[in-house]
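Read top to bottom, the protein sequences are chains A and B.
Be aware that the first sequence starts at 1, since it is given in the numbering used here, and climbs by one per residue.
Be aware that the second sequence starts at 1, since it is given in the numbering used here, and climbs by one per residue.
There may be inaccurate statements among the hints.
No distinction is drawn between identical chains; accordingly, a pair holds when it is met within one copy or between any pair of copies.
[To be verified] In silico DSSO-like pairs for lysine-lysine, Cα to Cα no more than 27 Å straight-line:
| id | residue 1 | residue 2 |
| --- | --- | --- |
| 1 | Lys-439 | Lys-222 |
| 2 | Lys-264 | Lys-151 |
| 3 | Lys-243 | Lys-83 |
| 4 | Lys-275 | Lys-118 |
Just so you know, these hints were derived from the structure itself, not from any lab.
This structure is a prediction, so every number in the text was calculated from the model and none was measured.
2 protein chains.
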Amino acid sequence: MMTIKGMGPLQEGIRQSGSAPDEVIVEGCIHRIREMGKVIFVVIRTSRSLIQCVLDEGGYQLTGLREDGSLNEGDCVRVTGIKKEEPRAFGGFEVHGRSIEVLSVANALPPVSLNKPKLSSGLDVILDHRPIALRHPQQRAIFKLQEGIVKAFRHYLSANDFTEIHSPKTTSAGAEGGANIFKMDYFGQPACLAQSPQIYKQMMVGVFGRVFEVAPVFRAEKHNTTRHLNEYISMDFEMGYIKGMEDVMDTEAAMLRYMMDYLKENYSQELSLLKVELPVVGEIPVLKFKEAKELLAREYGRRVTGNGDLDPEEEVLLCQYSKEKLGSEFIFITHFPSSRRPFYAMDDPNDPGFAFSFDLLFRGLEITTGGQRIHDYQQQVTKMQEMGLEPSDFEHYLSIHKHGMPPHGGLGLGLERLEMQLLGLNNVRYTSLFPRDVKRITP
Amino acid sequence: MMTIKGMGPLQEGIRQSGSAPDEVIVEGCIHRIREMGKVIFVVIRTSRSLIQCVLDEGGYQLTGLREDGSLNEGDCVRVTGIKKEEPRAFGGFEVHGRSIEVLSVANALPPVSLNKPKLSSGLDVILDHRPIALRHPQQRAIFKLQEGIVKAFRHYLSANDFTEIHSPKTTSAGAEGGANIFKMDYFGQPACLAQSPQIYKQMMVGVFGRVFEVAPVFRAEKHNTTRHLNEYISMDFEMGYIKGMEDVMDTEAAMLRYMMDYLKENYSQELSLLKVELPVVGEIPVLKFKEAKELLAREYGRRVTGNGDLDPEEEVLLCQYSKEKLGSEFIFITHFPSSRRPFYAMDDPNDPGFAFSFDLLFRGLEITTGGQRIHDYQQQVTKMQEMGLEPSDFEHYLSIHKHGMPPHGGLGLGLERLEMQLLGLNNVRYTSLFPRDVKRITP
Numbered sequence: 001m002m003t004i005k006g007m008g009p010l011q012e013g014i015r016q017s018g019s020a021p022d023e024v025i026v027e028g029c030i031h032r033i034r035e036m037g038k039v040i041f042v043v044i045r046t047s048r049s050l051i052q053c054v055l056d057e058g059g060y061q062l063t064g065l066r067e068d069g070s071l072n073e074g075d076c077v078r079v080t081g082i083k084k085e086e087p088r089a090f091g092g093f094e095v096h097g098r099s100i101e102v103l104s105v106a107n108a109l110p111p112v113s114l115n116k117p118k119l120s121s122g123l124d125v126i127l128d129h130r131p132i133a134l135r136h137p138q139q140r141a142i143f144k145l146q147e148g149i150v151k152a153f154r155h156y157l158s159a160n161d162f163t164e165i166h167s168p169k170t171t172s173a174g175a176e177g178g179a180n181i182f183k184m185d186y187f188g189q190p191a192c193l194a195q196s197p198q199i200y201k202q203m204m205v206g207v208f209g210r211v212f213e214v215a216p217v218f219r220a221e222k223h224n225t226t227r228h229l230n231e232y233i234s235m236d237f238e239m240g241y242i243k244g245m246e247d248v249m250d251t252e253a254a255m256l257r258y259m260m261d262y263l264k265e266n267y268s269q270e271l272s273l274l275k276v277e278l279p280v281v282g283e284i285p286v287l288k289f290k291e292a293k294e295l296l297a298r299e300y301g302r303r304v305t306g307n308g309d310l311d312p313e314e315e316v317l318l319c320q321y322s323k324e325k326l327g328s329e330f331i332f333i334t335h336f337p338s339s340r341r342p343f344y345a346m347d348d349p350n351d352p353g354f355a356f357s358f359d360l361l362f363r364g365l366e367i368t369t370g371g372q373r374i375h376d377y378q379q380q381v382t383k384m385q386e387m388g389l390e391p392s393d394f395e396h397y398l399s400i401h402k403h404g405m406p407p408h409g410g411l412g413l414g415l416e417r418l419e420m421q422l423l424g425l426n427n428v429r430y431t432s433l434f435p436r437d438v439k440r441i442t443p
Numbered sequence: 001m002m003t004i005k006g007m008g009p010l011q012e013g014i015r016q017s018g019s020a021p022d023e024v025i026v027e028g029c030i031h032r033i034r035e036m037g038k039v040i041f042v043v044i045r046t047s048r049s050l051i052q053c054v055l056d057e058g059g060y061q062l063t064g065l066r067e068d069g070s071l072n073e074g075d076c077v078r079v080t081g082i083k084k085e086e087p088r089a090f091g092g093f094e095v096h097g098r099s100i101e102v103l104s105v106a107n108a109l110p111p112v113s114l115n116k117p118k119l120s121s122g123l124d125v126i127l128d129h130r131p132i133a134l135r136h137p138q139q140r141a142i143f144k145l146q147e148g149i150v151k152a153f154r155h156y157l158s159a160n161d162f163t164e165i166h167s168p169k170t171t172s173a174g175a176e177g178g179a180n181i182f183k184m185d186y187f188g189q190p191a192c193l194a195q196s197p198q199i200y201k202q203m204m205v206g207v208f209g210r211v212f213e214v215a216p217v218f219r220a221e222k223h224n225t226t227r228h229l230n231e232y233i234s235m236d237f238e239m240g241y242i243k244g245m246e247d248v249m250d251t252e253a254a255m256l257r258y259m260m261d262y263l264k265e266n267y268s269q270e271l272s273l274l275k276v277e278l279p280v281v282g283e284i285p286v287l288k289f290k291e292a293k294e295l296l297a298r299e300y301g302r303r304v305t306g307n308g309d310l311d312p313e314e315e316v317l318l319c320q321y322s323k324e325k326l327g328s329e330f331i332f333i334t335h336f337p338s339s340r341r342p343f344y345a346m347d348d349p350n351d352p353g354f355a356f357s358f359d360l361l362f363r364g365l366e367i368t369t370g371g372q373r374i375h376d377y378q379q380q381v382t383k384m385q386e387m388g389l390e391p392s393d394f395e396h397y398l399s400i401h402k403h404g405m406p407p408h409g410g411l412g413l414g415l416e417r418l419e420m421q422l423l424g425l426n427n428v429r430y431t432s433l434f435p436r437d438v439k440r441i442t443p
């Protein structure tokens with residue numbers, strides 16, 4: 001019988017060996033091998049960095065798995081050596097290897113070239129070989145940065161008295177109804193996958209006042225566009241005791257400001273590898289939907305149609321206007337037509353037919369939809385009836401209004417879309433680890 | 001056109017009003033009203049606490065929504081008043097109200113009694129009225145604490161160079177196969193819900209070295225027991241460059257130690273409300289499966305059967321033994337029979353027929369399954385063939401082994417089960433916000 005002892009942390013693939021001063025252990029995958037006469041340069045891809053190791057002929061010991069004693073790109077190794085300053089190497093240092101141990105061998109050359117600065121393959125090739133293509137430093141930097149985006153979202157909200165929740169993804173009915181629902185069989189009962197945590201986060205406002213969730217949502221949309229995924233990560237929050245939807249917008253703006261600072265401070269390596277220009281989140285301009293449509297007609301000669309939404313081209317133009325004329329890469333559009341918003345959206349009593357509802361546009365794309373929700377029981381019942389919904393189908397949902405709900409509102413922020421726009425990528429599939437679209441459900 | 005300004009945080013439902021020293025604003029739901037002659041005591045349930053407000057007849061202003069000017073339990077209010085020390089009140093203070101504003105009214109009495117110290121209703125009643133029952137201070141404390149468990153898990157792993165990932169939940173095949181898969185229709189193709197992030201977290205070890213995920217998993221198990229849920233939150237991690245499965249077990253033990261300290265430091269309020277006795281996570285004893293079976297026969301007269309697993313009663317007895325004889329509420333059982341473990345489990349070459357696989361038992365229940373995985377390509381292909389699986393069905397998965405995978409291992413820790421055991425609850429449904437079982441898919 002043995003017992004378990006504590007274990008020291010491994011910091012980014014390199015740690016002190018403890019046997020000699022300056023002696024370190026580097027663990028990682030061989031990214032590139034370059035032989036220069038009697039010296040071999042072996043670049044190791046560790047968890048986050050590339051570390052250059054130098055092996056002098058006859059000056060190191062090799063133990064390994066291959067009978068011929070060779071080293072190959074893709075092999076996983078443990079190098080023990082002396083860390084020395086070297087301004088020309090990544091990170092300003094290199095490791096002079098005393099021993100290199102092959103822990104595991106690669107059996108084939110990678111299907112995409114991992115050790116060129118840019119991954120030159122097309123998106124389909126990248127996605128077909130996703131588990132390997134993600135090993136490319138730039139590809140994986142996208143997801144290291146994604147970690148930072150989510151961390152910043154949680155940090156900011158936790159510090160502001162929001163409680164994190166986990167709502168169910170298998171449900172008996174879609175929160176927002178409609179056709180875009182994935183159906184499944186639940187022990188012989190019809191069920192579906194949650195399109196959003198909407199009804200649950202509202203329920204939880206009645207419990208904790210302020211809540212958030214970062215979790216997958218599922219949309220059976222048949223659009224196969226560059227900005228749609230059928231499964232994506234939604235960063236949602238919902239807050240009670242608001243004075244109006246402006247409180248929700250304020251919170252989003254402050255959260256985004258914190259997020260950009262957080263990324264700058266903690267992910268400079270990835271930001272520089274991906275050549276990201278972070279936006280300044282100053283005061284975010286706000287336009288009503290009607291004003292936006294008028295502006296589009298006036299400034300860009302767009303025909304004002306009866307369509308109650310913004311089309312992709314209009315989103316691009318509004319962002320262009322905001323950036324050029326208002327100095328902001330973000331712009332809020334508010335007061336969308338009620339007819340285009342869900343049953344829980346609160347209508348503006350001073351502007352009949354329009355809802356306290358907003359979108360946040362960023363660099364040409366909608367990344368958030370949010371708004372104030374109805375909190376009064378009778379008002380919610382009446383609105384359901386007006387929309388042809390049957391209140392008795394919403395018994396659990398309406399129980400929260402019946403037993404007291406504070407004025408509240410919230411939003412959903414699509415993680416992959418936000419990051420796609422931050423990084424200036426042209427397809428949202430780049431920012432989803434294993435994207436799901438109409439045609440793709442593997443790997 | 002308006003612009004957005006930063007907004008001050010609301011701290012746990014109480015904040016300075018800014019108009020007078022000691023004047024505060026309390027926002028929350030009326031938890032209890034008690035009239036004592038000319039004084040009304042109104043207890044407000046804020047986001048995390050109960051705050052006692054005192055209203056002296058004629059000494060405060062009431063603005064509100066009810067025509068009769070009444071206040072009712074369940075109403076959401078904003079109280080402005082003076083904070084004064086009061087040792088007999090919760091938190092050691094009370095607020096002497098100058099004004100109380102009714103923001104929203106409750107239309108009915110709650111279906112369960114929210115303002116008694118204990119919620120006396122049975123589990124079925126609690127679950128049938130879940131959105132309201134969660135408002136009870138003890139019920140919601142379970143989920144405030146749950147937030148802390150997840151935070152601690154993430155903090156510890158992030159600080160130890162693990163990267164957080166988001167793997168897809170809609171997949172083309174179950175990672176571990178078997179019958180317990182929820183099937184769905186994916187645009188005319190058969191698909192299923194992920195039973196675990198197993199194959200994805202292994203793929204991501206090849207990318208980041210160490211990864212973790214906290215996300216829902218879906219198990220179509222027909223067991224309707226007190227410890228099964230059909231959708232639950234799995235806290236998973238997977239780590240590369242290990243020397244053996246002991247590294248994984250060490251990491252879990254250290255993480256749990258951190259978690260208990262973190263809860264003690266940040267959730268004392270909930271721990272005390274729920275009367276939780278946190279376990280001491282010292283050196284966790286380790287028993288091999290065979291040794292455990294022998295011990296059960298020797299100490300408790302259990303018949304040793306050919307069954308390659310531990311049954312619930314055996315888990316209870318092993319924990320009892322561990323606590324009484326070894327001084328630990330946790331115990332690792334290792335080296336389970338290979339035949340009972342999945343295709344990716346690495347076998348112990350020195351103990352044929354047994355795998356480098358472990359369970360962690362805690363207070364009578366298995367809360368974790370983990371182990372070392374096969375990293376060598378040929379070894380994985382051979383094992384699949386021996387198990388009657390077709391390697392070509394696992395092309396994406398095997399690509400990670402083919403192109404180089406470090407020795408690695410990991411585990412999954414069931415959030416709801418861990419918390420159920422921490423809190424000494426007798427049903428895992430208590431620790432799931434909106435539990436899903438064979439019969440329940442609402443609310």
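Lys-264 and Lys-151: within-copy, between-copy, both or neither at 27 Å Cα: both (13 Å within a copy, 23 Å between copies)
Lys-275 and Lys-118: within-copy, between-copy, both or neither at 27 Å Cα: within (12 Å within a copy, 56 Å between copies)
27 Å Cα threshold - placement of Lys-222 relative to Lys-439: within (10 Å within a copy, 32 Å between copies)
Within, between, both or neither, where Lys-243 and Lys-83 count as close if Cα-Cα is 27 Å or less: Classified as between; 23 Å across copies, 58 Å inside a copy.
Going down the numbered hints, you'll see the structure goes against none, and every one checks out.
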